[in-house]
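Visitor: Note that this note's numbering has the sequence shown beginning at 146, numbered continuously upward.
No lab work stands behind these hints: they were computed from the structure.
Some hints here could point you the wrong way.
Unchecked claim - What follows is a list of derived Cβ distance ranges for each label pair:
#1 Glu147 with Leu192: 25 to 31 Å
#2 Lys150 with His175: 24 to 30 Å
#3 Asn148 with Leu179: 18 to 24 Å
#4 Leu192 with Asn148: 17 to 23 Å
#5 Ser188 with Asn148: 18 to 24 Å
#6 Glu155 with His175: 14 to 20 Å
#7 Asn176 with Lys152: 16 to 22 Å
#8 Ile177 with Glu147: 24 to 30 Å
#9 Pro191 with Asn148: 26 to 32 Å
#10 Glu154 with Leu192: 27 to 33 Å
In this text the structure is predicted, and so the values were computed from the model without any measurement.
For glycine and all other residues, C-beta sits at the position ideal for the given N, C-alpha and C.
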Amino acid sequence: MENEKQKLEELYWKNNLSSREISRLFGVSHNIILKRMKKYQISRRPLARKMKTPAFMN
Numbered sequence: 146m147e148n149e150k151q152k153l154e155e156l157y158w159k160n161n162l163s164s165r166e167i168s169r170l171f172g173v174s175h176n177i178i179l180k181r182m183k184k185y186q187i188s189r190r191p192l193a194r195k196m197k198t199p200a201f202m203n
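The whole structure should be built from the sequences, with the hints applied where relevant.
Guide: Okay, here's the thing in structure tokens:
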């Protein structure tokens with residue numbers, strides 16, 4: 146189990162992959178990855194916020 150936790154942390158934090166990208170690598174559903182991250186207490190990155198520049202305000 147420790148190996149799985151380390152791999153998830155490496156892919157998510159060091160390689161900056163999304164949980165969806167990780168799920169594709171392992172061939173499992175996105176929800177499985179989220180459940181495993183919760184089980185291993187792997188914190189999630191903050192959601193990206195919309196950029197507030199003039200080009201995006203139209």
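Visitor: Look at each hint and say if it fits the structure.
Guide: Going through the hints against the structure:
no.: 1; hint: Glu147 with Leu192: 25 to 31 Å; result: 28 Å, holds
no.: 2; hint: Lys150 with His175: 24 to 30 Å; result: 18 Å, violated
no.: 3; hint: Asn148 with Leu179: 18 to 24 Å; result: 19 Å, holds
no.: 4; hint: Leu192 with Asn148: 17 to 23 Å; result: 29 Å, violated
no.: 5; hint: Ser188 with Asn148: 18 to 24 Å; result: 19 Å, holds
no.: 6; hint: Glu155 with His175: 14 to 20 Å; result: 18 Å, holds
no.: 7; hint: Asn176 with Lys152: 16 to 22 Å; result: 18 Å, holds
no.: 8; hint: Ile177 with Glu147: 24 to 30 Å; result: 18 Å, violated
no.: 9; hint: Pro191 with Asn148: 26 to 32 Å; result: 27 Å, holds
no.: 10; hint: Glu154 with Leu192: 27 to 33 Å; result: 19 Å, violated
In summary, the structure is inconsistent with hints 2, 4, 8, 10 from the numbered list given earlier, while agreeing with the others.
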